Amino acid sequence: MLNPEGRASEIGRQIFATAVEDLKRVTRRYAKKQRRWIVNRLLSMSSNREVPPVYSLDTTDVDRWDECVTQPSVSIVQSFIESARCPYAPLAKQETLGLPISMAEKHFCNSCERIFIGKFQWTCHIKSRRHRRLAQKKSKEVKVECQT
1 MLNPEGRASE
11 IGRQIFATAV
21 EDLKRVTRRY
31 AKKQRRWIVN
41 RLLSMSSNRE
51 VPPVYSLDTT
61 DVDRWDECVT
71 QPSVSIVQSF
81 IESARCPYAP
91 LAKQETLGLP
101 ISMAEKHFCN
111 SCERIFIGKF
121 QWTCHIKSRR
131 HRRLAQKKSK
141 EVKVECQT
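When you number the sequence shown by the UniProt record's numbering, it's gap-free, plus one each residue, and the end is 148.
Bear in mind the hints are in silico, worked out from the structure with no lab data behind them. From a predicted model like this one, the values you see are computed outputs, not experimental measurements. One or more of the hints may lead you astray.
[Said to hold, decoys possible] Here are the simulated EDC-like cross-link-like pairs (lysine to aspartate or glutamate), alpha carbons at most 20 angstroms apart as the crow flies:
(1) Lys137 - Glu105
(2) Lys127 - Glu113
(3) Lys33 - Asp58
(4) Lys127 - Glu105
(5) Lys24 - Asp61
(6) Lys32 - Asp22
(7) Lys140 - Glu113
(8) Lys32 - Glu21
(9) Lys24 - Asp58
From just these sequences and the hints, can you work out the full model?
As structure tokens, this is what we get:
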């Protein structure tokens with residue numbers, strides 16, 4: 001952390017500008033990942049899930065937030081509550097390039113005590129940090145039990 005004098009200096013402003021650019025870059029990457037997740041989970045034609053309609057709202061202009069986001073959102077929710085026809089069209093289902101989910105493949109992780117459907121989810125889980133930590137913890141517990 002810089003002191004107030006350091007923040008006001010040229011170096012402080014450069015550090016701040018770099019940090020802001022880094023934050024914007026990470027935010028764009030996260031938004032891209034969110035869009036991909038929405039397409040794969042909610043808009044995928046290969047999914048056998050019953051998913052409610054998904055709507056797209058233009059959030060780019062903060063000055064027009066009320067007319068572009070708030071009003072359409074309220075209208076969509078109100079039409080859902082009243083079982084009325086929605087004035088906005090939901091996003092269409094899409095063919096995804098990802099792997100189709102095979103409902104026949106069910107995997108159970110003994111370490112995490114979770115069920116995974118499909119090879120893709122299972123592979124992602126096995127490689128995850130959370131799974132590795134829980135598996136290590138369980139193996140340590142087993143070793144302690146064996147020693148006592």
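These are the hints, each one checked on the structure:
1. Lys137 - Glu105: Measuring from Cα to Cα gives roughly 27 angstroms; hence the hint is violated.
2. Lys127 - Glu113: holds, 16 angstroms
3. Lys33 - Asp58: Roughly 18 angstroms between the alpha carbons, so the hint for Lys33 and Asp58 holds.
4. Lys127 - Glu105: holds, 18 angstroms
5. Lys24 - Asp61: holds, 16 angstroms
6. Lys32 - Asp22: holds, 15 angstroms
7. Lys140 - Glu113: holds, 17 angstroms
8. Lys32 - Glu21: Judged against 20 angstroms, a Cα distance of about 17 angstroms means the pair holds.
9. Lys24 - Asp58: holds, 18 angstroms
Hint compliance for this structure: hint 1 alone is broken.
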